[in-house]
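A.B. asks: On the provided structure of chain A, position chain B as indicated by the hints.
As a plain string of letters, each chain reads:
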Amino acid sequence: MSTDSNLLLLSPSIRDWVVFPLLIITFLTGLLRTVTSTLLRSSKKIPPGDRQIRGVLARCGRLRAAGGFLAKDRWESRRRYWTSSDQEGPLRQGSKYLKEGEGGKGKAAAGPMANPAGAMEGMMGNASFMVQNMVMMQTIQHFFSGFVLLKVPFPLTKGFKGMFQRGVDLPTLDVSYVSSVSWRRASWGTARGRRRR
Amino acid sequence: MKPRSQLEYLRQQKLRDPALVFSLSLPLLSSLSPKKEADLAIFEQLIIAGCDLGEFEVVKQCLGLLKEQFGAIVKVVQPAEPGKEPKVKVEGSSRVGILEGKFLEAQGDYSSATELYNTLLTQNPANVLASKRLCAIQKATGTPADAVKSLLSYLDSNPTDVAGWWELSELYLSQGHWQGAATALEEVILFDPLSHDVHTKLGECYYGMASGSKDGVCKDFSGEGMMAMARRHFAEALNLKRGNLRALMGLRMSSRESALRPAKVNDKKGGALVDGSVADIEVAQKLHEFACEEIERVTKGKYGDLGAGLMEIGRREGEEIVAAMANKAE
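Those protein sequences? They're chains A and B, same order as listed.
So that you can map any letter, position 1 of the first sequence is 1 in UniProt numbering, and since no number is skipped, the others follow by simple counting.
So that you can map any letter, position 136 of the second sequence is 136 in UniProt numbering, and since no number is skipped, the others follow by simple counting.
Chain A with its partners taken away, still in its complex shape (with noise of 0.2 Å):
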């Protein structure tokens, strides 16, 4: 099947209009998430509390990993330390850090400020990111449905047209013809990318 035949002239307002702005969308959105989060993050302090659950969490990860350099006596007698039953045992010791674990619903889910820095920051980083990201889905999809975008330069299989041309309903287009969802989706990973590094 010859591909000549198949192309499809698109005008060059929906580039103009679509496929520029959506990719600095993508960009500043994600520039202005990473700003806020920093500026949110730069005043909360650790309280020592914490830092001490951290030390201990992280002391018993290194005898796990690193335990096979150390006697095996010394490493049984470190072994019963932190496991101890005994009511004062390291890890027993109760801590606002680590009871949002049960069911995340304990009074840490109360406001942001209250909040160990740590687990429960990552966690409402990431809600607020999906969030963040239905809410530009649906705008795009409301806002930029029903046409064609644009040509990938390779061809694609059958399965993935419900995927990329959502809100075309044109059974016998080319798959390789993307709507506006499909091209917010790989702006938005390749920003990531940049801006990991």
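Rather than coming from a laboratory, the hints here were simulated on the basis of the structure.
Note that beta-carbon positions come from the ideal geometry of N, C-alpha and C, so glycine has one too.
A few of these clues could be false.
As the list claims (entries may be wrong) - In silico BS3-like links for lysine-lysine, alpha-carbon gap of 25 Å or less:
1. A:Lys72 with B:Lys286
2. A:Lys72 with B:Lys241
3. B:Lys241 with B:Lys149
Said to hold, decoys possible - Pulled from the structure, derived: some chain B residues nowhere near chain A, Cβ distances all over 12 Å:
4. Gln12
5. Phe22
6. Ile73
7. Asn118
8. Leu202
9. Gly225
10. Arg242
C.D. replies: Then chain B, alone, in the frame of chain A:
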């Protein structure tokens, strides 16, 4: 290389050469300004070098400029609410506070420095630099036991500080406390298991504990016997760095001890202490042979009479071990 690039290199490599830093940065002092971010690191380097060398006039000048720009540490008493005590809030830059503390320490005014660091810790309890300086002050002014106590409380809240554990082991060793040093070095090993000098030092600690105890068994240990543990760590050190003469000497001495005086180990049924196994003694003998050969290889041609003397001792010890094993077999 330009002075600024040289100073940057010293900063990046974390090298401490006060004379060099001072000679490079003093000429720049007139052109430095605390408003420029690039100059701030040079100010810091100059202050620390000045404290090291005792050039207090220069340090006072630099600190004055920084305090003007960023604010010295002060305790501000806030207006008291009726019926409550007035709250004290700490204001000022903590980084400048640390530098000021170092200046006070350099002048010998440890009480003001301690007060300043405690103030910094009320401002931010997670200020690691301030807690470390408090430990350093204890080490400078107090007994080693005091220093150990303060370092232990620092390590309670910062247990992942490897350098802290290393420092603790040195403090214990300075008091001859083998067991404490061994515990501290074990922590270092857990963080840094592939470092041959930690294994060597730990082997030496176990050797010290074993030679000082009855039957080569310390009350906290059962099973292997400490001399065998020392042997293992020396062997590991050699595994990590072949030809390490300190570890070779340790291996030779500890394998000789464990061959001639095998530790009593716990009976498998958990009863009385019984003699160590014959297999373990054979391992000890082989390790002793290996150590002697390696020492010969490493000291060949060097050290003159000392090398020959070492070989002679090694040969005699080897014969001793063989004789002991033959006696045991009878």
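A.B. asks: State for each hint whether it applies.
C.D. replies: Against the structure, the hints:
Among the hinted pairs, A:Lys72 with B:Lys286 is consistent with the structure: their alpha-carbon atoms are about 22 Å apart, no more than 25 Å. About 23 Å separates the Cα atoms of A:Lys72 and B:Lys241, which keeps this hinted pair within 25 Å; it holds. Note on B:Lys241 and B:Lys149: the hinted pairing is violated, with a Cα-Cα distance of about 34 Å set against a maximum of 25 Å. B:Gln12, annotated as away from the interface, keeps every beta carbon of chain A farther than 12 Å; the closest lies near 21 Å.
The beta carbon of B:Phe22 sits about 34 Å from the closest Cβ of chain A, which is more than 12 Å, so the claim that it is off the interface holds. Consistency note on B:Ile73: stated as away from chain A, and its beta-carbon is indeed over 12 Å from all of that chain's, at 17 Å minimum. Annotated as non-interface, B:Asn118 keeps its C-beta farther than 12 Å from every C-beta of chain A; the closest such distance is 14 Å. Chain A draws B:Leu202 into its interface by the beta-carbon criterion, the shortest separation being 9 Å against a cut-off of 12 Å.
Against the 12 Å criterion, B:Gly225 falls within the reach of chain A, whose nearest CB is about 9 Å from its own CB. The beta carbon of B:Arg242 is kept farther than 12 Å from every beta carbon of chain A, the shortest such distance being approximately 18 Å.
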